[in-house]
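Colleague: Mind assembling these two chains? They're in different frames, but the hints should get you there.
Protein chains in written order, with this note's numbering: chain U, 1 to 415; chain Z, 416 to 527.
Note that these hints are calculated values from the structure, not bench results.
Each hint should be verified, as a subset may be incorrect.
Said to hold, decoys possible - Result set (DSS-like, lysine-lysine): computed pairs, CA atoms no more than 25 Å apart in a straight line: (1) U:LYS317 <-> U:LYS199; (2) U:LYS199 <-> Z:LYS449; (3) U:LYS317 <-> U:LYS267; (4) Z:LYS424 <-> U:LYS267; (5) U:LYS268 <-> Z:LYS424; (6) U:LYS263 <-> Z:LYS500; (7) Z:LYS500 <-> U:LYS268; (8) Z:LYS500 <-> U:LYS267.
To be verified - Reference listing, derived: stretches of chain Z covered by chain U, where coverage requires no fewer than 3 residues with Cβ under 8 Å from a Cβ of chain U: (9) 447–461; (10) 464–471.
Backbone N, C-alpha and C define an ideal beta-carbon position, used for all residues, glycine too.
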Amino acid sequence: MNEIKYALDTFYFLMSGALVMWMAAGFAMLEAGLVRAKNTTEILAKNIALFAVACFMYLLFGYAIMYGSEAGGFIPDFSFLLGAEHNEAAVAEGKANHSLYSDFFFQVVFVATAMSIVSGAVAERMKLTAFLFFAVVLTGFIYPVEGYWKWGGGWLHQLGFNDFAGSAIVHMAGATAALAGVILLGPRKGKYDKKGNAKGIPGANLPMATLGTFILWLGWFGFNGGSQLLLSDVTNANAVSKIFVNTNAAATGGVLAVFIYTKLVYKKVDLTFILNGALAGLVAITAEPLTPSPLVATFIGAIGGIAASLSVVMLDKLQLDDPVGAISVHGVAGVLGVMLVPLTNPDASFGIQALGIVVIFAWVFITSFAVWLGLKRFIGIRVTEEEEYIGLDKVDCGLEAYPEFTLSVSAGGKS
Amino acid sequence: MKLVSAIIKPFKLDDVREALNEVGVNGLTVTEVKGFGRQRGHTELYRGAEYTVDFLPKVKIEVAISDDQEEEVIDAIIENSRTGKIGDGKIFVTHLEEVIRVRTSESGQEAL
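Looking at chain Z on its own, in the form it has when it is part of the complex (with noise of 0.2 Å):
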């Protein structure tokens, strides 16, 4: 099982949530954060002075998937997140040890 973490802009965050339901994601966490990348966040003036907005608001989504899906699902998201210009965020892919249903108590396979 793999965690993804997707670090994407916000206004393309019901592409992403609507392709994912497509590829047979059953659920996703989203957070709103804020941050930086190579860009070191961007500058803006005011009345002819720069100043710079150090951490930009993204949107983080979270899906829990089996192996076989890793593929489906990161092609999912950046196909519905990229846009081309700077600041199109990041995806973090790592293992997942182990997965339980609460109400249930299942766990694994069966819990995703």
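Just chain U, same shape as in the assembly (with noise of 0.2 Å):
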């Protein structure tokens, strides 16, 4: 018996994670659909590496930093690689719930979807290589660390932290170093007049953005689903159950609120802030998917996409340019999943979600500040004026994404 629920828990986590590993293409279809055409090709090419230097740097050092260090602790433990597999007669005494490397093969597209957060914030006119650099600290020491503190076994997981799926260890992780790096970077050329008024700029290719969106909302099964990291008891396959239905009803109350939010407010409605709104729901609900009924589900998702909406034209007003949403997505909305939490789960506080949130933003904000401080120091982290002119497609890769296509320099903000 032990051995069959191991067998399919060990299953379940494999699935879950191919879910969260094909979420990996759903940022890559968003980022390309929400870039101008210049810069496709460039942001493909990010999105494919930084999921290797990810899944790279978490084998050698983060999945060690993150789960092999003692309980309760605060300095992780820096020792290298996997483990031994779990033996048949612990399976069959209970003592294990499922393959040790399936836990590995679930975590470690955790931190590229961390990683993939910070392309889209710093796109259209980082170098590439700037970029890269900054994955490898991101996902090798940075996130593994926080990642420790609460999934790990440690201190915040002690004091009683509950964040379920990450909304504010991997999402606003994630927001939080796009926002440091976008500090550092500056805007894009002309995405701010001179009084400092946002221009809008287009992206190039919106049916490829909305089904980046979609392919991200699959991919959050596996990731709020997988995240209760057993289905093979009663108790478990109905908690399995309850968090695809409420992970799927924040989605939908964030593209609702947006919807009807942008048609009363601009008039018309905006499919990126729809876009937007389903991912803040998304985001809203993966602190606490179990605990809430379904129609508070969709109510968490609701505000996480106003919120949304609202921190960007936020954002644009303190000239933080971030081409696809992503700081206010993941971090605006994973801040106030986390802080929901205590609404519905009796055993979460505000006064820890809130040391949480101050504490993982601080050390992600810090840290990425400082690589990305000595980046540009040392290599640089952004473009020449003329070849964000010219476009990073052409800069980076000496490729079109759309080469067949003539490009009309007459809309807002040029092609």
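Modeller: This is the structure:
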């Protein structure tokens, strides 16, 4: 019996991980759709390269830091590579729930998600190599350390911080790293006029951005559903089912709320805000997809969606240029999600939730800022003005994404 | 003889073409053009931020006509391209010195 449970839970873990892996495709499509045509090839190259960097660094250091360290601690353990797999005797006695390698696989795709969040925010003006150097540090060190504090059984976990699938640990962390980068990088040329008013720079391919959003939505069932970790008894099977329903409901709430919001405020329906709204709803429910009722989950998603839309406009007022809205979607909705946990989960407290957010934000922001600053000093993080005008496709990749199209120069922000 | 160039809204092209046919215009040239007028293009919203579309797509039609057709042709164009909203376009009328039909070398009124 224990062997069958072990096999079933391992299978569930692997399939959930595969769904989360597919979110990398979602991010790639979303970002490629929301940048201008001249930066498409570069952002696709960036997305697939960062995924590989994240997996490699997590294999080398990340996993050991995050899960190999002592319970309740602050300084993680820096050992290397994966340990031995569980043996049959341990499984038969019920001492192991699933394969160690399936656990590694599920965790490694999460770190890739965190890194994917950064790439959209710094799109269209950052040097590819500088970005990948940053990816090495974030995925090999910055993320695993804060991940250890909660999921590795570290001190935040001991304090009772609640973050089910990572609204703060994954999403807000990615957004925070992005924010530090955006501050040092500066806005795209032409994004703000001399008076500081934001100019719209429309994305090149909205079908692709929409497909990317749907892919992320699908992947999220693995992200949240898999984070229940187990499936093989009645309690866990019911929990996983409820998580699927709530995850879907939150995305729905985000879409509906933002659809109505843009129609009322801007008179026209803004598709890219709606796409952001779906994702912000998903981010907001990620901190606690189990305890809310489906209607409450819809409401949480709606709040997340509206908050992300307001945040996009606010960041523009601060002249923090985020072409895809990653900081708003993953950061603002992530914070919101974590702070809403105590409403439905009596085990969580507002104080500890707030403490967790402050600590994770501070850790990721300070370390990321330092790394970006170092990169800026030594190799530079921004392409030249002329290269930005030409587009990163030709500069970094020597290849256009849509070579047989004639690009129009009349649209806002120039193609 | 006169050359009438009219900049009109693209969706009005079919109506204008039919009306010109009816008043006896024997040929016309159409070009897809872009430009701006007193509105200086127009603005759209994207993610809560405005952006300017500097040049709007229009259609330019050109017809060569005899002097006595001028009023009829201009009326036909105006009646069939006017929406009453901004961006309805403009009509330019210039004196036409010479017209030559390539196939037969006919010139002047004969070639219209």
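Colleague: Work down the list of hints and note, for each, if the structure agrees.
Modeller: Cross-check of the supplied hints:
1. U:LYS317 <-> U:LYS199: OK: LYS317 of chain U and LYS199 of chain U at ~11 Å, within 25 Å.
2. U:LYS199 <-> Z:LYS449: The given pair, whose Cα atoms are some 22 Å apart, holds under the 25 Å limit.
3. U:LYS317 <-> U:LYS267: holds (21 Å)
4. Z:LYS424 <-> U:LYS267: OK: LYS424 of chain Z and LYS267 of chain U at ~24 Å, within 25 Å.
5. U:LYS268 <-> Z:LYS424: Holds. LYS268 of chain U to LYS424 of chain Z sits at ~22 Å (cutoff 25 Å).
6. U:LYS263 <-> Z:LYS500: holds (23 Å)
7. Z:LYS500 <-> U:LYS268: holds (20 Å)
8. Z:LYS500 <-> U:LYS267: holds (19 Å)
9. 447–461: This one holds; 4 residues, not fewer than the three required, reach chain U with a Cβ under 8 Å.
10. 464–471: holds (count 7)
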